[in-house]
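Asker: Spelled out from the first residue to the last, the chains are:
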Amino acid sequence: MKRRVICLWFPALAADRAMRQTPSWQGKPLAVIAESGNKVYLHAVNQVATSEGLTPGMLLASARATCPGLVTRSADMAADGRFFTVIAAWCRRYSPLIARDGQEGVFIDITGCAHLFNGEEAMLGDVMQRLARFGLSVRAGLAGTPGAAWALAHYGENATIAPPSRLADSLANLPVAGLRLAGETTDMLNRLGLRTIGALYGLPRASLAARFGREMVERLDQALGAASEPLDFDMEAKKFRAIARFAEPIGRLEDVEAALARLLRNLREKLVKEARGSRRLTLRLVKVDNSASTIIIGTASPSRDADGLARLFHDRLDGLDAGFGIERMVLEATVIEPAEDEQGALPHTSGKTGISTPLSHLLDRLANRLGFDSVLTVAPAESHLPERAVTAFSAAFAPVGNTPFPLASMTRPSRLFEPPQWLAAFTPAIGEMRLWGNKRCVRMMAGPERITPEWWHDDAAWRGGARDYWWVEDKTSNQRLWIYREENTERWFLHGLGN
Amino acid sequence: MRKVDHITGLRQRMEKLERGLSGMPSARLSFGLGAIDDVVEGGLAAGRMHEVNGLAAWSLTLVLAGRSGGPVLWCARTPGKAGSSDHRLYPPGCVAFGFQPSQLVQVFCANRQELLWACEEALRSAALSLVVMEDTGNDGSAISLTAARRLQLAAEAGRTPGLVVSMEPEKAVFPAATTRWQASPAPSDGSHLRMALQLTRNRAGRGGQWMVEWNETARHLSVVSSPCRRPGNAANAQLAG
Chain A
375 MKRRVICLWF PALAADRAMR QTPSWQGKPL AVIAESGNKV YLHAVNQVAT
425 SEGLTPGMLL ASARATCPGL VTRSADMAAD GRFFTVIAAW CRRYSPLIAR
475 DGQEGVFIDI TGCAHLFNGE EAMLGDVMQR LARFGLSVRA GLAGTPGAAW
525 ALAHYGENAT IAPPSRLADS LANLPVAGLR LAGETTDMLN RLGLRTIGAL
575 YGLPRASLAA RFGREMVERL DQALGAASEP LDFDMEAKKF RAIARFAEPI
625 GRLEDVEAAL ARLLRNLREK LVKEARGSRR LTLRLVKVDN SASTIIIGTA
675 SPSRDADGLA RLFHDRLDGL DAGFGIERMV LEATVIEPAE DEQGALPHTS
725 GKTGISTPLS HLLDRLANRL GFDSVLTVAP AESHLPERAV TAFSAAFAPV
775 GNTPFPLASM TRPSRLFEPP QWLAAFTPAI GEMRLWGNKR CVRMMAGPER
825 ITPEWWHDDA AWRGGARDYW WVEDKTSNQR LWIYREENTE RWFLHGLGN
Chain B
10 MRKVDHITGL RQRMEKLERG LSGMPSARLS FGLGAIDDVV EGGLAAGRMH
60 EVNGLAAWSL TLVLAGRSGG PVLWCARTPG KAGSSDHRLY PPGCVAFGFQ
110 PSQLVQVFCA NRQELLWACE EALRSAALSL VVMEDTGNDG SAISLTAARR
160 LQLAAEAGRT PGLVVSMEPE KAVFPAATTR WQASPAPSDG SHLRMALQLT
210 RNRAGRGGQW MVEWNETARH LSVVSSPCRR PGNAANAQLA G
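Chains A and B, in that order, are what the protein sequence lines are. Quick note, the first sequence lines up with residues 375 to 873 if you use the numbering used here. Quick note, the second sequence lines up with residues 10 to 250 if you use the numbering used here.
Hint data in this document are derived by calculation from the structure and do not stem from the laboratory. Honestly, I wouldn't trust all of these hints.
Partial pick of chain B residues on the chain A-facing surface, computed with a CB cut under 7 Å [to be verified]:
1) W67
2) L71
3) P80
4) G102
5) Q109
6) S111
7) F117
8) A127
9) A195
It should be emphasised that the depicted structure is a prediction, and the values quoted were computed from it without experimental measurement. We put the CB at the ideal spot given by N, CA and C, even for glycine.
The task is simple: from the sequences and hints, build the whole structure.
Answerer: See below:
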């Protein structure tokens with residue numbers, strides 16, 4: 375089968391990313407700028423800016439002179455790289471063989487894939503259309519060799535397809551720069567009047583090689599398919615996945631659990647072989663009508679304990695709607711971490727020993743059903759504001775008994791009102807207040823303790839200024855109340871209870 | 010190496026001796042106050058459900074949580090949702106009751122069904138020293154006898170004491186409690202926190218009432234005086250009557 379390769383080139387990836395993040399810039403000229411030494415230059419420009427005459431590499435000062443309404447944004451190369459990785463991975467929908475070309479191009483080896491998309495033309499059209507819908511400007515070329523596809527993408531008409539029989543003809547009119555040559559070689563060829571690739575076809579190879587180096591001849595051969603060019607394909611991350619297909623659809627919970635147990639054992643073997651453990655497992659139950667339910671469970675630390683994981687799934691399988699029956703079950707470990715030692719059961723990071731405890735097991739179960747943000751451990755935080763003095767962590771990840779609270783918090787109430795309750799009719803001199811519809815008499819006990827807001831946080835609750843906290847005891851119910859007066863508004867609030 | 014072995018051996022022996030000296034099975038969560046412990050045979054029985062209500066219920070719960078000496082799971086309703094109270098446990102304040110909040114696991118449940126499930130799992134796991142179920146549901150309905158029985162069985166299976174806490178005074182929420190305590194705040198002498206404790210239900214023995222004081226620095230409860238001898242206070246008059 376003849377090799378076929380698509381080359382995609384994203385000439386303004388950084389600018390496209392910026393436009394995607396800020397849709398309000400639509401229709402405005404945008405440039406992503408970068409600094410080199412003390413020069414600020416344009417790193418990427420969007421289409422509007424290109425039509426205004428701006429090009430990447432231009433100095434910002436001259437760009438501003440040409441186009442006064444230019445919107446700029448500084449480049450974030452790391453984020454661009456991540457964005458590019460996502461796009462490259464997305465291209466895998468067309469073919470499993472994806473190779474990156476630097477940081478702005480992708481080769482897709484579509485050999486034998488085009489018929490799945492109704493032919494090459496429809497396939498390339500689909501690529502372009504979808505990428506355009508993502509807001510990306512892209513240029514593409516499709517040819518029998520990566521070199522030719524690259525030349526078509528960068529210098530040819532956009533989305534050109536070079537038929538296998540007419541590869542040389544399709545390249546003939548493209549500039550020699552399309553051969554991916556070093557800058558000086560291109561310059562020299564141009565000076566000699568060899569401006570197009572076609573002009574090189576008839577020249578004797580030996581003298582070309584002697585004059586411009588072997589590399590140039592090799593590039594030409596690669597483009598025309600006379601020399602092979604292996605691509606460095608991105609290998610898809612190894613999948614930890616187990617699939618069970620049923621001849622007859624199943625619907626009983628016991629059957630599902632039995633199949634799940636088998637899948638878990640299957641997955642366990644794969645994980646053991648690679649010395650990995652999974653932190654998150656996704657179970658997809660595909661039904662007869664092709665609808666699927668997905669169950670995701672997480673664990674605090676990498677695990678491959680089939681029984682323990684089955685128990686976590688067990689809670690979630692309750693009340694599962696099997697519809698007309700389940701046809702296929704796919705279990706996949708979506709978060710993988712190295713787990714060297716053979717683990718007997720679900721481990722927990724208590725004291726970093728990695729030893730499984732019944733507590734960690736319990737916390738995993740609770741967190742999987744109630745949500746990881748509903749099962750919490752607490753640690754003291756660096757703040758003297760009562761609301762900010764505590765940090766809560768998901769108990770599945772932060773061990774119990776980690777950071778002790780200081781004894782200084784002895785003067786704090788054991789219950790806190792959120793938000794504080796306004797004591798409408800409180801006059802300290804008389805010592806009467808209305809609380810929950812009752813008249814209360816209070817006696818002053820201790821205070822005041824002044825707490826001032828943290829000026830570096832603009833906290834709406836602390837707009838009233840510094841607070842003077844008092845502990846008072848209510849004569850009627852004998853409850854200890856933690857109340858405060860706001861400095862600016864002179865209003866009184868109930869913030870906590872000491873009983 | 011041998012020295013270390015020797016020390017471990019001695020430690021184990023000491024533990025054994027201490028257990029023997031205290032004269033009660035370790036499966037009791039004691040109050041650390043002879044007067045009360047005597048009535049309940051050394052403390053709250055592990056593997057049983059207990060109930061505390063009244064305005065000082067949390068104080069007593071936190072004291073017991075501190076005395077349990079291990080991880081404590083505290084189940085409550087998700088704040089801001091229907092059925093949750095407008096005030097909630099504030100971990101730093103636990104220190105004053107001798108309970109180190111780093112030992113605390115807070116669990117928030119959206120409804121009572123989840124609350125019961127979480128408590129049952131926690132009790133059964135045997136991984137905790139105490140499981141607290143805070144039920145401040147505004148609906149005020151009691152827990153059904155079936156649910157209560159399930160929790161009781163879970164507590165037995167995990168040999169963990171369970172404590173149902175509610176602020177409603179005079180109102181039993183948990184029908185099958187082994188002991189039920191009424192804790193009301195009492196007027197203090199200005200320094201230490203006082204509460205009037207009343208044992209209103211005790212399946213294994215008699216009831217009782219005490220006026221106790223919590224000493225934050227020494228971290229122990231002590232009996233102040235018989236509550237009926239303090240006139241001129243509504244809460245006490247009620248208790249005395």
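Asker: In ascending order, which of the hints set out earlier in this document are inconsistent with the structure?
Answerer: none
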